[in-house]
Amino acid sequence: MVNEKHTEKQIWEFLSEIPDPEIPVITITELGVVRKVELSNEKVIITITPTYTGCPAMKLFEDEIIKTLHEKGIETVEINLVYSPAWTTAWMGDIAREKLRKYGIAPPVKGSEDKGILFESGPKVVACPRCKSENTILKSQFGSTACKALYQCETCLEPFDYFKCI
Amino acid sequence: METKDALINYCLRLGDSSLILGQRMAEWCSNGPILEEDIAMTNLSLDLIGQARTMLSYSGVVEGKGRSEDDLAYRREEREFYNTLLSERPNGHFGDTVVRNFLHDAFFYYLYQALKSSKDEMIAAHAAKSIKEVTYHLRHSSEWLVRLGDGTVESHEKVQESLNDLWEYTGDLFEMNEVDEVLIKEGIAVDLQKIKLEWDKTINTVIERSTLTRPEDAYMHSGRLDAMHSEYLGHLIADMQFLQRAYPEAQW
Ligand SMILES: [Zn+2]
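In order, the protein sequence lines correspond to chains Z and P.
Each residue of the first sequence is one higher than the one before, counting from 1 in our numbering.
Each residue of the second sequence is one higher than the one before, counting from 1001 in our numbering.
Don't read these hints as lab results, they were simulated from the structure.
Every value quoted in this text rests on a predicted model; they were computed, and no experiment measured them.
A virtual CB, placed ideally from N, CA and C, is assigned to each residue, including glycine.
Any given hint might turn out to be false.
[As the list claims (entries may be wrong)] Listed next, with one range per pair, are the computed distances between beta-carbon atoms:
#, chain 1, residue 1, chain 2, residue 2, range
1, Z, 67, P, 1244, 23 to 31 Å
2, Z, 72, P, 1092, 48 to 56 Å
3, Z, 78, P, 1201, 27 to 35 Å
Next comes chain Z alone, as it looks inside the complex (with noise of 0.2 Å):
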């Protein structure tokens, strides 16, 4: 008897509530991982997708989303994992780029997504999250987790996370 209760709007405040488990700044749902909320009489249906294929924060993601419904009185919640559209870094809105960059990870760079193979992707200017000065440089396209590269600036010098476009 779930949507005599709740509706879809709350069921999103509540998930909006969710901090991402490795950057806690920004939510999941602010990720962009919550695709979909369906209501019916018997339980709740929340779609999500992954980020990367092996990220290993999904399960921690559908266990968050679990016991927080529960906490709301929601008993019957199931998760619906799925894979098309695929996940992009275009689905997170300038609220949530603004907290990467306070939190010290520089935001994905609008539109930049990695399409080229082989040095055929241009050079992008990524700009240091703390002193702002767009003389950085990529020092690994790996990070500390799947969806980050290393930089560092070059007129601070301060080392720096940058969140991935893809």
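Starting from the structure of chain Z, add chain P with the ligand where the hints point.
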């Protein structure tokens, strides 16, 4: 051959190649030549194992016998794996790994590009998702190949040797049998000979840029389609399956 049986096998091929290459990359964990590369290689491993999970789960669903991704990864014997012979080649030195991955990444890249239009929704979604990751995998291995090939005399000689040694495992990537035939007819699989044309172009471009020489096509090993492997796979899966074999039913 029924479409269903062909599809089960096709998904195992995709999933197993990702799984075995992912396991190889995991072996680099804490053994990378520099910290950044150690992190890079374990990130590559994570992506590959993620890709394997999707296809192994799906193969289990299509099969309908209740086998999960874990059952398929940890409870099959060597002769039940359909990974490419190239994916199981040992890591060797860093240059060997770079060359192996470069040849394999380019294969995955063009395969997934084509499979994005597969009539099987799950395979199409998997390809569209994976291509995003394989794109930067290929860029990573290509850039390293250029750095090593066009590097010092020693690095050039070493990767040329790696390329010569690994070349004979590239023929296996493009072999097809009845499984492909059945699925190509249904619009689910793609013709690997067409993928090879694209693969050849990219391989030639990067080899040239690396100042290396493309080896002549001579003897090519074969075996993937019949789950026939080199002596290396058994050792790899003994390590990979150790926990489930020693403690059956162990759960996270
Ligand atoms: Zn700075």
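> Of the hints stated earlier, which fail here?
Replying inline: 3
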